[in-house]
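Participant: Residue-level listing of the chains:
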Amino acid sequence: MGLDLTVVPPFAGLILQGALWTIAITASAGVLSFFGGIGFAICALYAPAIIRYPIKAFAWLFMTTPLLLQLFLIYFGLVQIGIDIPAFFAGMIGLGLHFAVYNSDIIQTGILAIDKGQHEAGRTLGLSRGQTLRKIVIPQAVRDVVPPIGNNMIALLKDSALVSVIGVVELVHASQLAISETFRPFEFYLAAAACYYVVNLLLEFTLHRIERRIALTR
Amino acid sequence: MQRVAPFFLEAAWVTLELAVLSTLLGLTLGAIAASAKLYGNVVFRSIATVYVSVIRGTPCLIQLFILYFGGPQIGINLDPFSAGVIGLGINIGAYMTETIRGAIIAVDSGQMEAARTLGLSKFQAVRKVILPQAARLMVRPLGVNINAQIKATALVSAISVVDLTYTAQRYIGSTYKPFEMFILAGVLYMVIITLTGMIVSWLNKRVAIQ
Numbered sequence: 001m002g003l004d005l006t007v008v009p010p011f012a013g014l015i016l017q018g019a020l021w022t023i024a025i026t027a028s029a030g031v032l033s034f035f036g037g038i039g040f041a042i043c044a045l046y047a048p049a050i051i052r053y054p055i056k057a058f059a060w061l062f063m064t065t066p067l068l069l070q071l072f073l074i075y076f077g078l079v080q081i082g083i084d085i086p087a088f089f090a091g092m093i094g095l096g097l098h099f100a101v102y103n104s105d106i107i108q109t110g111i112l113a114i115d116k117g118q119h120e121a122g123r124t125l126g127l128s129r130g131q132t133l134r135k136i137v138i139p140q141a142v143r144d145v146v147p148p149i150g151n152n153m154i155a156l157l158k159d160s161a162l163v164s165v166i167g168v169v170e171l172v173h174a175s176q177l178a179i180s181e182t183f184r185p186f187e188f189y190l191a192a193a194a195c196y197y198v199v200n201l202l203l204e205f206t207l208h209r210i211e212r213r214i215a216l217t218r
Numbered sequence: 001m002q003r004v005a006p007f008f009l010e011a012a013w014v015t016l017e018l019a020v021l022s023t024l025l026g027l028t029l030g031a032i033a034a035s036a037k038l039y040g041n042v043v044f045r046s047i048a049t050v051y052v053s054v055i056r057g058t059p060c061l062i063q064l065f066i067l068y069f070g071g072p073q074i075g076i077n078l079d080p081f082s083a084g085v086i087g088l089g090i091n092i093g094a095y096m097t098e099t100i101r102g103a104i105i106a107v108d109s110g111q112m113e114a115a116r117t118l119g120l121s122k123f124q125a126v127r128k129v130i131l132p133q134a135a136r137l138m139v140r141p142l143g144v145n146i147n148a149q150i151k152a153t154a155l156v157s158a159i160s161v162v163d164l165t166y167t168a169q170r171y172i173g174s175t176y177k178p179f180e181m182f183i184l185a186g187v188l189y190m191v192i193i194t195l196t197g198m199i200v201s202w203l204n205k206r207v208a209i210q
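Those protein sequence lines, which keep their order, are chains F and P. Going by our numbering, the letters in the first sequence line up with residues 1 to 218, in that order. Going by our numbering, the letters in the second sequence line up with residues 1 to 210, in that order.
None of these hints come from the bench; they were simulated from the model. Computed from a prediction, not measured in an experiment: that's the story for all the values here.
Pairs of lysine-lysine residues, derived as BS3-like cross-links and limited to a Cα-Cα distance of at most 30 Å, are as follows:
1. P:K205 x F:K56
2. F:K56 x F:K116
3. P:K177 x F:K56
4. P:K128 x P:K205
5. F:K158 x F:K56
6. F:K135 x F:K116
Isolated chain F, as found in the complex (with noise of 0.2 Å):
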């Protein structure tokens, strides 16, 4: 049997309804491994060894395996254990701390980019050791790191289609639905595909849009 795209249509409800969940899938993921990476980014540098030192256990076993076991472990693992939780919040967990270990790494890289005399002229204006942080470092860091943090937000994206596997209906999971009804594989998964990258091109362009806009105020 060929190629047929006329099968689509029909379905394209329930496909732009997949899109819309891995959109939302994304987002919040995305908030979470940002602001997730900020918190261990902080901890990772400044906080005491006790707190320090768990922070990097947990961030190189993140980074040392994939993201589909971890997803499975914590929607799968974790009953065993008694906790249990929907897998749409599974899947948001799992996808932001995976890069939120991700951009730890790169906005570590951007707090020790900033120059010392800027914790030391906050020091000396009276901030305390947070509000120097919280007020002067982080935000100059985080413009900085803006271009790479974009590109995990986008590989972030693409990763989201794993969350299929532990039952949350977005695109993949949609594409799933319609196959299992009309035996197309070849058809849907390509309108699938075309769904991710029309999103994709949408969140390049947001990307690009926030990274003038940062060049524009400095």
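Model the placement of chain P on the given structure of chain F, informed by the hints.
Facilitator: Coordinates of chain P only, in the frame set by chain F:
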């Protein structure tokens, strides 16, 4: 745990095989696409650009699904392992294209001019002057790609390749111990990735010597 350990080791080997074979395929595709983008005519350049853009713009999981589940519809019948290697290879190839292209661009343009002035043809200049220098710059970013590729191999469990992730899922069915099985698989991934990381940084140190 002891009963399942041999199966996990066997699966770790499959994961390693997948990673190595798909990386080799990806390197080949990446080298071809990078040279098409840099030195090709309009047709080759556009093909390479579309390849990189489409592959990097869609999830790897979808690409594997199109190849494995959609392939038979257009007459491509692959067993899970081959589909896994080809799918992952095509995916990583797009990322390697940019890595290789970036490294070649990073070699000073004066090198090309000097080689041409000395009477080397463009092809000779690329092969004997540009590539050896670019290769050094590639080791580190390619190492990052390979590290990501090992983790990406977990995706092929979704097209029923019996890799580490698939094996973990399979033994959860008989042992009802998801936590332990996933941790065991995770530890094996860690070992593979840490070892590869060590090889890459050793290689990087060696080529970095000027």
